[in-house]
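Novice: One-letter residues, chain by chain:
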Amino acid sequence: MSVQVRRSPLRSFGKLCAILFYLCFALFPIYWLVKISVTPDQLVYTEGTKLWPSTATLGNFGKVIFQTDFLIFFRNSLFVSLSTAAVTTLIAAAGGYAFSRFEFSGKRILVALLLLTQMFPLLMIIAPIYRIVAALGLLNSLPSLILVYTAFNIPFATFLMQSFFDGIPKDLEDAAMMDGCSRFQALRKVILPLTLPGLGATLGFIFTAAWSEILFALMLIRSNDAMTFPVGLLTFVSKFSVDWGQMMAAGVLALVPSCIFFIFIQKYLVQGLTSGAVKG
Amino acid sequence: MTTFTNKAPGGTRARTSLYWRYLVEPYLYLTPAILLIALVMLFPLIVGISYSFQTVNLLHLDKGGWAGLSNYADLWADRKFWLALENTLVWTFGSVFFQFTLGLGLALLLNTRFPGRRVFQALVFLPWAVPTFLTALIWAWLFNPVIGPLPHWLAAVGALSEPYNILGDPELAIWGPITANIWYGVPFFAITLLAALQSIPSELYEAAEIDGATAWQSFTKITLPFLAPMIAITVMLRTIWIANFADLIFIMTAGGPANSTQILSTYVFTTAFKKLDFGYASTIAVALLGLLFIYAALVLALRRKFVKV
Amino acid sequence: MKRMLMSAGLLALSMGTSAWAETLKLVEVITSPERTVVLQNLVDGFKEANPGIDVEIVSVPWGQAFETVATMIAGGDVPDVIEMPDTWNALYADKLVPLDDRIATWDHGTTLTEKTVAMGKLANGKMTMIPYGFYLRAMFYNKKLLAEAGVTELPKTMDDFMAASAAVSKLDGKYGYCLRGGPGGTNGWIMMAATMNGTNEFFTADGKSRINEPGSVAGIQFLLDMYQKGYAPKDSVNWGFNEIVAGFYSGTCAFLDQDPDALIAIADRMPAEDFGVMPMPVGPAGKAFPTIGYAGWSIFNTTKYADDSWKLVAYLSSPESNAAWSKRVGVIPIHTGADQDPFFKTDQFKGWFEELNSPNYIPTVMPTYLEEWGYFTSTVLKDTAQEGLLGQRTAQSLADEWAELLTDAYGNWKAKQ
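Chains S, W and G are the protein sequences, given in the same order.
Residues 0 to 279 in numbering that gives the first Met the number 0 are what the first sequence spells out, letter by letter.
Residues 0 to 308 in numbering that gives the first Met the number 0 are what the second sequence spells out, letter by letter.
Residues 0 to 416 in numbering that gives the first Met the number 0 are what the third sequence spells out, letter by letter.
Okay, chain S solo, but in the shape it has when bound (with noise of 0.2 Å):
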């Protein structure tokens, strides 16, 4: 980890068994789940422990993407998922700052009250929810669902963005503000883009919280039209069955987007410091 590229033997051996085991380990399950995905509908109990199907089938694929809703459900899923990853990380952005970078009257009391949020199981509060919502005419729409998910996500991204803020000494705006910067001046200019990592990961975080999210999106919609991802995989469960395949299926679709938007935030996350190169 550190800067001196030591190129004993033992020490190379080491990392790449590191890597293979990290690997293996995040790679495997999804290699399952690709494998049921093309395993055809008799064959996924008769073949269960095999490596792979005897015989190997897209049908699955053909299924969801042209007979099933799935499609929609994606695009929904998407709009909700980077919608609220944009505005939350904006807003805590803006919040983790003032709680890095001021001592102030109630301070304390804001930190307590964001971290109670996230301390009260969420399902108690439902029923409530629902009303405002529903009082805010926003029943069956995916506004509804941007609006709750940004508020869940709030106070968590909130206190990541601080410690982020809290990483970068101080001296740096205090000397862009000492040239005639505003603060928000020196905010914009020089802290931002040393934060990218930090907005990357926040960006990202969200992003799958909310793509995953399942509990309200079930409450919240009832239309096929609004519907999102995670709630369009559990209509595989029926009563009478379960199509693993399809489901299956639907969940590796489900990757392609999420795949993309992690190799966009990729780029931030790893070109951190504008100062130096990747650390080696």
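Read the hints as simulated data drawn from the structure, not as lab findings.
Any given hint might turn out to be false.
Said to hold, decoys possible - Incomplete in silico selection of chain S near chain G, CB under 7 Å:
1. L217
2. L233
3. T234
Even glycine gets a Cβ: it sits at the ideal position worked out from N, Cα and C.
Guided by the hints, dock chains W and G onto chain S, whose structure is given.
Specialist: Relative to the frame of chain S, chains W and G by itself:
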């Protein structure tokens, strides 16, 4: 902390400036967050907590009668509550410990140079993108001896006497959801810690190298202290979040067999939505909230003591 | 910006106008994609016959249906018409429209079978629902597995059943019984207890539960033995509907007690010649007590369109609609004469009709009229039965706990009558 000697924006008189920076300016940045939370969460939260002092049924929310502290008295005598509390501790700390250790290892690994690092990074972060519901299903499959390989492998290396489903074994069942949770959560720690690692000025390491520090020394003397604030906050947030995270357990074992994987949040769920007893469910939830609050206060106090930022 | 405002205005306008047209909200709870299509077809027929009434079908995922519907109602978003499973009926009975008067003047009211009317009234003495069909338990068996294990004769009694299960379990990785230790296992426990006890009465004349009588305890012990002797898969302690059905069609276990609706999944994945359906095994008294369940259509009393809601329920319950519906969703229909339909005369349905036509098989109705029943079956019974299966408790201690709860619940119900 910012000191008084700093030049205030616009260079106004000191009095206005103090007023500005202690009362107005921080709130300018915080207003959107506060407004949104107040609108969506504060009122429901108060309502939710107030249920614990009532006898309320979900289907008759308006007909609740005040019950004083009787729900809390019931809770104290509830065998299932204490069992669930014990399981919650195993579930939360088991998950957080491994998520954190493996996540830190991964972050350190990703912060070094090796061929194919970008592709590697994209691949190991994938589990994070898998929706929880699907994560639970995949792992439930992997642990099933008819359709998953894990029991056979575990039996082959002697960890299990025969290939059976550990989710049906009350001694081991909780480790099924914990494994799934570790898998799902490692990328979170890896990403946040990696982002924090990236902002450690590389000059520090160069200086340490010139001074002849070993890798271990620069890890404990530079890396860890720099990561400490991030570690404290992420571990705390994750602990809170995981303690409340019922989805994996709910889908994989539904709290069974025989309550051996029943944690407080799944207990809240069954009480609220199967028994429809919102009063008692809220009481359990408040107890969980109290415990988490004490925990968070401890972590924040520790952080203030040991981390100098 | 201007365009946005205009389109927002248009949207508001269109929403305003659509509120004028009458839209009934119909919530479907026992869902699968194919089933929703069948319901949609029926509803389309209704809309054609009744222009001016629009019907919106809301299908909630079955696994979360109970929570979802409860939250909808708690949030004040109450549907007009709902598909009502028997286990929910008592909870919602006071929010439902009694249909007795309407049925009395309905063309098809007279052909409803006696059982249909009796069960529609079970919750509080009024017809709070019109059942649309019945689910009766019978035993599916895997012909191939039985042949492999050398079981030549189908088990008739409980002892035969245990012996056949033991024989199949000798095969490597195979088991006798697809035990349902997880969600929804109640029927199995109650049925076995009743069969061994020789009666399906739940309560004595003075209101005491019969579940902890020695016969009933023997029935509970029967299932504990089945599991503890290894005649059921080890993880079946967690199995719910989908797992037992999958366990059966994957050939993991040879016997499965299920309702006709399981045929839908099984017939899709198993060749018809590989499995059959026989009556439930009989107990020492020579009788068996397969459970019978039902679901139906109900109207919430908050509806603004009581007359049109009734029209919809009547349409769905008419002999033609009901015949089409029951064939597709796997239930036994509600109008007299429906059993003459050639569809039900196939071998597939043999087990069920044998049960219906022989005096030795007495269909057992669960006491779903008890308000505590839902929680008892979904949570209490499941958790404690798992403790029993895992050897942490004896059959007697399970039975005593259940009996105490049921006796109390029965007392509460009696007090309200």
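Novice: Hint validation: L233(S) versus chain G, beta carbon distance must be below 7 Å. Holds or violated?
Specialist: 4 Å, holds
Novice: Have a go at the L217(S) hint: is there a Cβ in chain G nearer than 7 Å to its own Cβ?
Specialist: 6 Å, holds
Novice: Against chain G, run the beta carbon of T234(S) and see if the smallest gap drops under 7 Å.
Specialist: 5 Å, holds
Against the hints set out earlier in the document, no violation occurs for any number.
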